[in-house]
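Participant: Could you put together the complete structure from these sequences and hints?
Going down the list, the protein sequences come from chains A and B.
So in our numbering, spot 119 of the first sequence is number 128, and the numbers just go up one at a time.
So in our numbering, spot 109 of the second sequence is number 125, and the numbers just go up one at a time.
Honestly, the hints are just simulated from the structure, not real lab data.
Take these hints with a grain of salt, some might be off.
[Stated by the list, open to error] Quick list of in silico lysine-lysine cross-link-like pairs, DSS-like style, CA-CA up to 30 Å:
(1) A/Lys234 x A/Lys127
(2) A/Lys127 x B/Lys29
(3) B/Lys206 x A/Lys86
(4) A/Lys127 x A/Lys56
(5) B/Lys158 x A/Lys127
(6) A/Lys86 x B/Lys29
Chain by chain, the residues run as shown.
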Amino acid sequence: MTCAIEINNLNFSYGTFSLQDVCMSLHLGEQKALVGLNGSGKTTLFKLILGLLEPTSGTIHIFERKVERENLWAIRKDVGFLFQSPEDQLFAPTVWEDVAFGPRNLGMTEEEVEERVKWSLDVVGMLDFINRPVNQLSHGQAKRVALAGIIAMRPKILLLDEPLAGLDFPMISAMVDIIQNLRGEGISVLYTTHNLFFLENWTDSMAVLHEGRMIYDGPVEQALKDPNISHQTGDWDELRCRMRRYRGLD
Amino acid sequence: MGKFLLPFIEGRKTDSTFSPPSIFLSAFIMAVLLSVQTELLNLFGLISLVVLIGTLAGTRWRSVLSLAARFEVVILFWIVLLPFSYGNSILFTIPTPWGSISAYREGLDLGFLIGLRIFGIVTLFLAALSHISLGEFIGALKTLRIPTAILGSLLIMLRYIPLFLEERSRLQEAQQLRGFQRGTRFERIKSLGFLVGSIIDHAMDRSVAVYEAMTLRGFGHGMFIVGVGPRRNDVLLFLGLIILIFGLFHQQILEVLLG
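Facilitator: The following block contains the structure:
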């Protein structure tokens, strides 16, 4: 199977934090969850994939192209990254201008930019907000506009940092549909989550980071049966029992 | 999320009669005319003209003047300070343990003149900006050949200053909720003193994240700001300005032309 992302023996250290000997792959069209406790290195791994950070050793390949200084722009055209906080991503005065930022940098004509902006806002269901100032969007709307800004560049891979965090149910439901539709176009997705529900119901495979080490990369079902790995996603049954005890129900 | 700091029209494009570059350029020319006036009467006349044109154009004076009022300290600084440092004709003298301090009429006149110029220029620019959107303003600067690197920084600054102000408010609210009193001006300043470090820290983190977000979408690889072209009606605007300049400086112009 063709690899969209292939990471081999990746090492990175910054202060006391380090990623050690990380190996992982994301196949073409696959949807993979990157799981790990807070501070396990998930966002750092995303930044290494995008070339925002340089590894100490090891290699990352995107569609067989090595992530290195000479290839960064070519790689960034293929990989879209949704930040955890959309407020960090939207900087232009209006929704239109923010979404147009990427296509303009791709050297498109103004007509093509206009078309691409409308298409991507339509995909995320935000076309009605096209002239809205970005500072007047709710968190959920801002997240969708930030996603539109990324897909406007037509990437082949999406890296989504906690795409569903902080959203209400209708917004989660809409976001799931958006990402699912994008997958239908052949886009590979690597996303981080702490939510067991999404792992069980919405993920092809998962990779688990623990204290900077990749301790698992494979099917979800197998991972959740392993107590050492399922610990990373949280023991929700045990928490449910404890809560019932607190309420005097057990 | 908060509002922009300047009184721009919200949205992407406006359908004003004149193009954004010509609005900005004519405001700049008017500002130069205001800044070279040495007679209070002429200055009042020009400010009245700005107010008249602005009113005819439907300027949102309430928001423009409330923003202009924020410059009160700068304006008062000149009016209060200059009388004590410039002039010959003594208005009054204040005795102090270290000697007497005198206020002079010439200094007061000059202070009024500078204060009025600053007020006029600030109001003029705010009124001009209230007729265009932020996108058009940046596009206008691009048309006027301001380098993209500066425009990019300006764009981010205008977007993030209100966010930093909001962040400051949130942190101050958090302080209050944990019992910190900031009723008086001094207490408010003291609370800000505590917050400066963390606000700068947050600002740095955010600026790094924004830069990364921009880099990932190709910042530095293309033309992300597109200029705004002129409109036919711009001719009228500049014709009016030429008439105004001739009216103000007709003697000097005739002297130069006729020798």
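Participant: Quickly compare the C-alpha distance for lysine 234 of chain A and lysine 127 of chain A to 30 Å and report which way the hint goes.
Facilitator: violated (44 Å)
Participant: Does lysine 29 of chain B sit within 30 Å of lysine 127 of chain A, going by the straight-line distance between their CA atoms?
Facilitator: Holds - the C-alpha atoms of lysine 29 of chain B and lysine 127 of chain A are around 16 Å apart, at most 30 Å.
Participant: Holds or violated: are the alpha carbons of lysine 127 of chain A and lysine 56 of chain A at most 30 Å from each other?
Facilitator: Given that 30 Å is the threshold and the Cα spacing comes to 29 Å, the pair holds.
Participant: Taking 30 Å as the top limit, are the C-alpha atoms of lysine 158 of chain B and lysine 127 of chain A close enough?
Facilitator: This hinted pair holds, its Cα atoms lying about 24 Å apart.
Participant: So if I understand the rule, the pair passes when the alpha-carbon distance is 30 Å or less; does lysine 206 of chain B with lysine 86 of chain A pass?
Facilitator: violated (48 Å)
Participant: Taking 30 Å as the top limit, are the C-alpha atoms of lysine 86 of chain A and lysine 29 of chain B close enough?
Facilitator: Answer holds: lysine 86 of chain A to lysine 29 of chain B is near 29 Å, not above 30 Å.
Going down the numbered hints, you'll see the structure goes against 1 and 3, while the others check out.
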